[in-house]
Amino acid sequence: MASATSTKTYWVYFFVSLLVTIGFLVVWPEWFWVPLPFLFTALVKAFDWL
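Heads up: the sequence shown begins at 1 in the numbering used here, then just goes up one per residue.
Hints may contain errors.
What the hints assert, rightly or not - Quick list of simulated restraints, FRET-style, between CB atoms:
| hint | residue 1 | residue 2 | range |
| --- | --- | --- | --- |
| 1 | 47 | 22 | 15 to 23 Å |
| 2 | 8 | 40 | 14 to 22 Å |
| 3 | 19 | 50 | 19 to 27 Å |
| 4 | 6 | 30 | 30 to 38 Å |
| 5 | 31 | 6 | 15 to 23 Å |
| 6 | 19 | 44 | 29 to 37 Å |
Source of the hints: derived by calculation from the structure; they are not laboratory data. Even glycine gets a Cβ: it sits at the ideal position worked out from N, Cα and C.
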């Protein structure tokens, strides 16, 4: 299992990616899928599933 510090960093990455995804959804709705891989990768790493 990863250390707690490492998962905290990934949680920060997840929330930043979430804000970017929401921003894309508001500004460029046809391009909102571009940040999704970063969002879901950060989520999986934050849950320490990978």
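Against which earlier hints does the structure fall short, listed by number upward? Checked against the structure, the hints that fail are numbers 5, 6, while the rest are satisfied.
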